[in-house]
Each structure stands twice: as structure tokens, then as C-alpha cells.
Amino acid sequence: MAGNLQSLPCGQASFASQIDNISRCYESGRTNISGDPLNHSPLHLPAFASSIPDATICVYKADIMTNSAAHYIREVLERKSFKVTHGYHQSLYVEAASLKTINTSVPPSHRSIIQQITLVPPEEVTLLYSPCKVFASAFWVRVKCGIYKNDVGYVLS
Numbered sequence: 001m002a003g004n005l006q007s008l009p010c011g012q013a014s015f016a017s018q019i020d021n022i023s024r025c026y027e028s029g030r031t032n033i034s035g036d037p038l039n040h041s042p043l044h045l046p047a048f049a050s051s052i053p054d055a056t057i058c059v060y061k062a063d064i065m066t067n068s069a070a071h072y073i074r075e076v077l078e079r080k081s082f083k084v085t086h087g088y089h090q091s092l093y094v095e096a097a098s099l100k101t102i103n104t105s106v107p108p109s110h111r112s113i114i115q116q117i118t119l120v121p122p123e124e125v126t127l128l129y130s131p132c133k134v135f136a137s138a139f140w141v142r143v144k145c146g147i148y149k150n151d152v153g154y155v156l157s
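At position 151 of the sequence shown (counting the first as 1) the number is 151 in the UniProt record's numbering, and the numbers step up by one without a gap.
These aren't lab readings, by the way, just hints derived from the structure by calculation. Hints are supplied without guarantee of correctness; some may be wrong.
What the hints assert, rightly or not - Between beta-carbon pairs, the in silico distance windows are:
(1) 137 / 89: 20 to 28 Å
(2) 122 / 89: 16 to 24 Å
(3) 103 / 153: 27 to 35 Å
(4) 20 / 85: 30 to 38 Å
(5) 141 / 21: 42 to 50 Å
(6) 141 / 85: 25 to 33 Å
Unchecked claim - As a list, the in silico PhoX-like pairs of lysine-lysine whose alpha-carbon atoms are at most 25 Å apart:
(7) 149 / 133
(8) 61 / 133
(9) 83 / 100
(10) 61 / 80
(11) 83 / 61
Even glycine gets a Cβ: it sits at the ideal position worked out from N, Cα and C.
Whenever a hint applies, use it, and build me the whole structure from the sequences.
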């Protein structure tokens, strides 16, 4: 009976081996041991999309007339499990399965305030979700290249 006993690895060694296995699968282009290809998507699926089979999530830019309306529409869409990112000049970036899902989720009282909704190209989506630095205070800089080379500029944020 003593010959059938097997020594199991401790938790730390087991965890390390699983991490190594995950990194090997990632480097080889597989998500798991069965060899399924990677399916990269920078976007997550909102709650409504889990009920739709094969839902493709896209990012749409909604231009809204006023800042207060943009704030309200953002709150409404976030309560309905949409991922919403604030843009510049009263615009919102909304992850949704289609344009229709955004229009039906906005309250009827605010549908006429939305000037337009456009699909954001995939290359701009990666820029939208890429990390950026936010500086604590404004400061002066000297431009080192481009048409404004050797000019001085003031960075607000």
C-alpha cells in the first residue's frame, strides 16, 4: 500500500506550474490544452449580450447636445450594464451589440438630444482603451520635434 502513495506538490509549486502552463499556451497561440485558438477581444460582454447568441460587441460614439444630458445618458446606460467611457465635447463611447440596442436603452425623453451615433473603427478602439498618463498639475514643456519644434507649450492635463 505504501508503494501506491504519491507525493503531491505543495500549493506554491502547483500554482507556479499552472502559471508556467498558462504562459506556454499563450506564447504558442492556444488558450487551453485542447488547442483552441486565442480569441482576443479588448471588450467585455455586458449583461444583456450574454443572452444573445454570438453577440459581437462594438464601440459606438454618441455625440450629445449638452454636457448635463451626456452625464444623464451615461448614468442610464451604466445602470443597464453598458460599458460607457466619457469622451471630449459631450460625447460618450458605448460598448453595445448594435446601434439599435443603444437607441432602445436611452430614455425616450433624451433620444432627440443625441445628435448622432457612429461606429468607432477597431484601430481607434485600441487607442481609446490604452492607458494614458494623467498629470497632477499643469506645466510648461519644450517641443522637441515636428512643426512646433523648439516652441514652448503649456500642458493642462
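Do the hints match the structure? See the list:
Separation of residue 137 from residue 89 is about 24 Å and conforms to the stated range, judged on CB atoms against 20 to 28 Å. A beta carbon spacing of about 23 Å between residue 122 and residue 89 agrees with the range 16 to 24 Å that was offered as a hint. The given range of 27 to 35 Å is broken by residue 103 and residue 153, whose C-beta atoms sit roughly 41 Å from each other. A beta carbon spacing of about 35 Å between residue 20 and residue 85 agrees with the range 30 to 38 Å that was offered as a hint.
Separation of residue 141 from residue 21 is about 46 Å and conforms to the stated range, judged on CB atoms against 42 to 50 Å. Take residue 141 and residue 85: their Cβ atoms lie about 27 Å apart, and the range 25 to 33 Å holds. Pair hint residue 149 plus residue 133 holds up; C-alpha atoms about 22 Å apart against a cutoff of 25 Å. Among the hinted pairs, residue 61 with residue 133 is consistent with the structure: their alpha-carbon atoms are about 22 Å apart, no more than 25 Å.
With a CA separation close to 16 Å, the supplied pair residue 83 and residue 100 stays within the 25 Å bound. Under the criterion of a C-alpha separation no larger than 25 Å, the hint pairing residue 61 with residue 80 is consistent with the structure, at around 17 Å. Distance hint between residue 83 and residue 61 is fulfilled; the C-alpha atoms sit about 12 Å from each other, no more than 25 Å.
When each numbered hint is compared with the structure, a violation occurs for hint 3 only.
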